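Protein chains in written order, with my numbering: chain F, 132 to 304; chain E, 35 to 198.
For the record, the hints were derived by calculation from the structure and aren't laboratory data.
Being a predicted model, the structure only gives us computed values, none of them experimental.
Heads up, a few of these hints could be off.
Stretch by stretch, here's where chain F covers chain E in the computed footprint (C-beta under 8 Å, at least three residues) [unchecked claim]:
no. : region
1   : 128-134
2   : 175-185
In silico lysine to aspartate or glutamate, EDC-like type, Cα no more than 16 Å apart, as pairs [as the list claims (entries may be wrong)]:
no. : chain 1 : residue 1 : chain 2 : residue 2
3   : F       : 251       : E       : 181
4   : E       : 47        : E       : 158
5   : E       : 113       : E       : 72
6   : E       : 195       : E       : 101
7   : E       : 195       : E       : 184
8   : F       : 251       : E       : 184
By construction, the Cβ of each residue, glycine as well, lies at the ideal position given by its N, Cα and C atoms.
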Amino acid sequence: MSEQSKTLEIMRRIGAPKPEEIRISGILQSPVLASLTLLLLGGDSDPATAVLEILGGHEINIRFINKYVDSAGNTSLCLCIDADSLDTAISALDVHEESLGIRDFMYHPTVKVISIYPHKQRPRVAERLLTTLRMNGVDPLSTNNASSVVSCVINSEYVEQALACLANAFELP
Amino acid sequence: MGSAETLEIYPLKIQRGLTQLSFLRIPTRPGATRPLFDLLERHGVPVRFLIEGCAGDYNRDLIVCIDSEAFTRLEPELKEVEIRMQTQTLELRQPVAVIRVLGPHFDIRPGTSSLLFGALQRADVTIFSNATTITSSMFVIPDDQVETAERVIGRTFDIPKKKK
């Protein structure tokens, strides 16, 4: 049994106090998308821009972006694109792998973005979202907030499970 | 996609005087981020910006931006939070600003994101972090580059004046 499964099992056995209810307006889900996660070597210019320019040049829609710089100065970039554009995106990035400084590259062919709204910059909404999903064995691939929502990228096979546990964790109208 | 000169967006929302906290390589387990969010909730500190991503080897990276004034207030408690989260590295950037670009529908217009990123890069605006979802794109940049970024975005998109 993995360390994470052990922790979950113990938490289930000992139970936990009923958490305070958090009222939200709704949970949205995107159409089926594909996700790309790239680790790009740091350099003089922002490597994420070059990736976006290549994908834009191939008319690929980008529905979700998470970009940040890690402690080594490398750029972590997670993108969600239309699922039927995945092959085109992989081929396009493959051609430029060296010039883009792609150090690591992962993809998931079918994902969905699940969004909780409103977020209203409340720390407990993000916390409830992340903890509920992981307590129920769903590991979001990427998470971010926008103007009024907090969104997670979830592998398609876990979407129903994620929606069910989130519906229990939040108070919906 | 060609020129985006005709793309109209909402007035920019800019939040300045923030601190970006990067909790890097947190073990992936339920509740790992709870100590931080509990602390922020207890002190009524809003999360201005949030992203969480995969750091490899079953670790996660969590990046949040909060008001620098709140950061100063919470700093004494952050060491304990860092330990409880089992964070391998905590990095700080300050002062930073978050610029929200709302309206160009990034999801249905190929090339819109690259247009925006490219314009900022050409103007030497450093993008520490970005979170984009459908119609909203939030950039974390150095606070002293806000005016440049505003000018560049204003040239790239059509931003209506705020109604009085």
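Results for each hint:
1. 128-134: Since three or more residues must qualify, the claim that chain F covers the region 128-134 of chain E is violated, with 1 doing so at under 8 Å.
2. 175-185: Our answer is that it is violated, as 0 residues pass the Cβ test (under 8 Å) against chain F, missing three.
3. F:251 with E:181: violated, 26 Å
4. E:47 with E:158: violated, 21 Å
5. E:113 with E:72: The hint holds at about 14 Å.
6. E:195 with E:101: violated, 27 Å
7. E:195 with E:184: Measuring from Cα to Cα gives roughly 13 Å; hence the hint holds.
8. F:251 with E:184: violated, 24 Å
Against the hints set out earlier in the document, violations occur for numbers 1, 2, 3, 4, 6 and 8.
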